[in-house]
Amino acid sequence: MLKSVKGQKEPEKIWKVGEFSHTLYYKVLFMEEKLPGTNSLNDLNDIRRIMERSSRFVSLSGLSGVAAGICAIGGAFIANSYFSNYYGVYNSRGFTTGDEFSQLKLRLILLGGVVFLMAFASSYYLTWRKARKAGLPVWDHTSKRLAWNMMVPLMAGGAFIIGMLRYDVWIFVAPACLVFYGLALVNASKYTLSDIRYLGYCEIVLGTINMLYPGYGLWFWAAGFGVLHIIYGVIMWNKYERNN
Amino acid sequence: MKNPITGLNKVFDNRIRLGVMSVLMVNEEISFNDLKQLLEVTDGNLATHLVNLEENGFIKVHKGFIGRKTNTTYSITRQGEKAFSDHISALENMIKGVK
Numbered sequence: 001m002l003k004s005v006k007g008q009k010e011p012e013k014i015w016k017v018g019e020f021s022h023t024l025y026y027k028v029l030f031m032e033e034k035l036p037g038t039n040s041l042n043d044l045n046d047i048r049r050i051m052e053r054s055s056r057f058v059s060l061s062g063l064s065g066v067a068a069g070i071c072a073i074g075g076a077f078i079a080n081s082y083f084s085n086y087y088g089v090y091n092s093r094g095f096t097t098g099d100e101f102s103q104l105k106l107r108l109i110l111l112g113g114v115v116f117l118m119a120f121a122s123s124y125y126l127t128w129r130k131a132r133k134a135g136l137p138v139w140d141h142t143s144k145r146l147a148w149n150m151m152v153p154l155m156a157g158g159a160f161i162i163g164m165l166r167y168d169v170w171i172f173v174a175p176a177c178l179v180f181y182g183l184a185l186v187n188a189s190k191y192t193l194s195d196i197r198y199l200g201y202c203e204i205v206l207g208t209i210n211m212l213y214p215g216y217g218l219w220f221w222a223a224g225f226g227v228l229h230i231i232y233g234v235i236m237w238n239k240y241e242r243n244n
Numbered sequence: 001m002k003n004p005i006t007g008l009n010k011v012f013d014n015r016i017r018l019g020v021m022s023v024l025m026v027n028e029e030i031s032f033n034d035l036k037q038l039l040e041v042t043d044g045n046l047a048t049h050l051v052n053l054e055e056n057g058f059i060k061v062h063k064g065f066i067g068r069k070t071n072t073t074y075s076i077t078r079q080g081e082k083a084f085s086d087h088i089s090a091l092e093n094m095i096k097g098v099k
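Residue numbers (the numbering used here), protein chains in the order written: chain A, 1 to 244; chain B, 1 to 99.
Calculated directly from the structure, the hints in this document are not laboratory data.
Be aware that one or more of the hints could be misleading.
[Stated by the list, open to error] Dumping the calculated DSS-like pairs for lysine-lysine here, alpha-carbon to alpha-carbon at most 27 Å:
| id | chain 1 | residue 1 | chain 2 | residue 2 |
| --- | --- | --- | --- | --- |
| 1 | A | 105 | A | 239 |
| 2 | B | 10 | B | 69 |
| 3 | A | 144 | A | 105 |
| 4 | B | 69 | A | 144 |
| 5 | A | 144 | B | 96 |
| 6 | B | 63 | B | 82 |
| 7 | B | 36 | B | 60 |
| 8 | A | 239 | A | 133 |
| 9 | A | 144 | B | 10 |
| 10 | A | 190 | B | 10 |
| 11 | A | 144 | B | 36 |
| 12 | A | 133 | B | 36 |
| 13 | A | 190 | B | 69 |
| 14 | B | 82 | A | 190 |
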């Protein structure tokens, strides 16, 4: 295949290494060998990477979990102070009025909303930051699919809990939150880093145990949404983000 | 021994076509824009390769609209799935052969 170079013009490319110059007589030496499939390992890696990236939202940050957990614990502390105020009045006076009870309800619902918004905003920001660092879009078809698949169990849970509140069944609110949230996470794990499924399992187990001790709802709530989120977040951060 | 290279599909020699097929294996359907973003290629380049894949019968094209904007989505065909898995097995065999 190599054509004789005798009598032909000298190749023009000359490499200099230190004092020596190296002349390239045969260009073929520097040509890439292009047998089909020589890059099969690279091809397989590329395929895997593209499959992963196109079907899962990989930018979810572990720090998001930590931030949400901190918000939840803060919220639980404030809720606890509301409760101790309310029961303090009840214990000293022997009764509370219906007004005071509905005020407590309203404050708890508002607190819940604020905690949710803060947790959502901080998680969103941290995930957005991670995506931007990696040069990936935050709102693409993977995150849309993730959001939708989380929404379905969460909406069902929300409707269920509102239904319970209509009948003043307060004690099962915390377990229902935990169980439905756990189901949402397990469902979502197919569309993001799959480790989140273990967080989902833990939430479900915790919510189920909470059914046996309904009076400790706030504690379980703080453990599930606060402590578990923080533990999960730190593990995820350690596993996926620390080295980058 | 059978030459492992015979199992490789010529159509998938190209990285963009390989990428398109990888995406479609795990996504029921995907829009042109999402594909473009994922594979980081230009409109014209991607379109050419998509036509090639369609002519080979490996992908299906669905033309639709979102409001007034066209929204073209792609999905994989039975034949495409088969061709792609054969290609992957061939790649795997080749790596096993090297070891």
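Cross-check of the supplied hints:
1. Between residue 105 (chain A) and residue 239 (chain A), the direct Cα distance comes to roughly 41 Å. Violation of the 27 Å bound is thereby established for this hinted pair.
2. Restraint check for residue 10 (chain B) and residue 69 (chain B): the C-alpha separation of about 35 Å exceeds 27 Å, so the hint is violated.
3. The hinted pair formed by residue 144 (chain A) and residue 105 (chain A) fails the criterion: a straight-line CA distance of about 34 Å is larger than 27 Å.
4. Restraint check: the Cα-Cα separation between residue 69 (chain B) and residue 144 (chain A) comes to about 20 Å, which is no more than 27 Å; the hinted pair holds.
5. Distance restraint check for residue 144 (chain A) and residue 96 (chain B): the Cα-Cα separation of roughly 39 Å exceeds the 27 Å cut-off, and the hinted pair is therefore not satisfied.
6. Between the alpha carbons of residue 63 (chain B) and residue 82 (chain B) the distance comes to roughly 24 Å, so the proposed pair stays at or under 27 Å and holds.
7. At most 27 Å may separate the alpha-carbon atoms for a hinted pair to count; residue 36 (chain B) and residue 60 (chain B) meet this at roughly 17 Å.
8. Distance hint between residue 239 (chain A) and residue 133 (chain A) is fulfilled; the C-alpha atoms sit about 17 Å from each other, no more than 27 Å.
9. Restraint check for residue 144 (chain A) and residue 10 (chain B): the C-alpha separation of about 35 Å exceeds 27 Å, so the hint is violated.
10. For the suggested pair residue 190 (chain A) and residue 10 (chain B), the alpha carbons sit about 33 Å apart, so the restraint of at most 27 Å is broken.
11. A threshold of 27 Å between alpha carbons decides the hint, and for residue 144 (chain A) with residue 36 (chain B) the separation of about 17 Å falls inside it, so the pair holds.
12. Proposed proximity of residue 133 (chain A) and residue 36 (chain B) is supported: the alpha carbons are some 20 Å apart, at most 27 Å.
13. For the given pair, residue 190 (chain A) sits about 31 Å from residue 69 (chain B) by alpha-carbon distance, which is inconsistent with the 27 Å threshold.
14. A threshold of 27 Å between alpha carbons decides the hint, and for residue 82 (chain B) with residue 190 (chain A) the separation of about 24 Å falls inside it, so the pair holds.
The structure fails to meet hints 1, 2, 3, 5, 9, 10, 13 from the earlier list, while all remaining hints are met.
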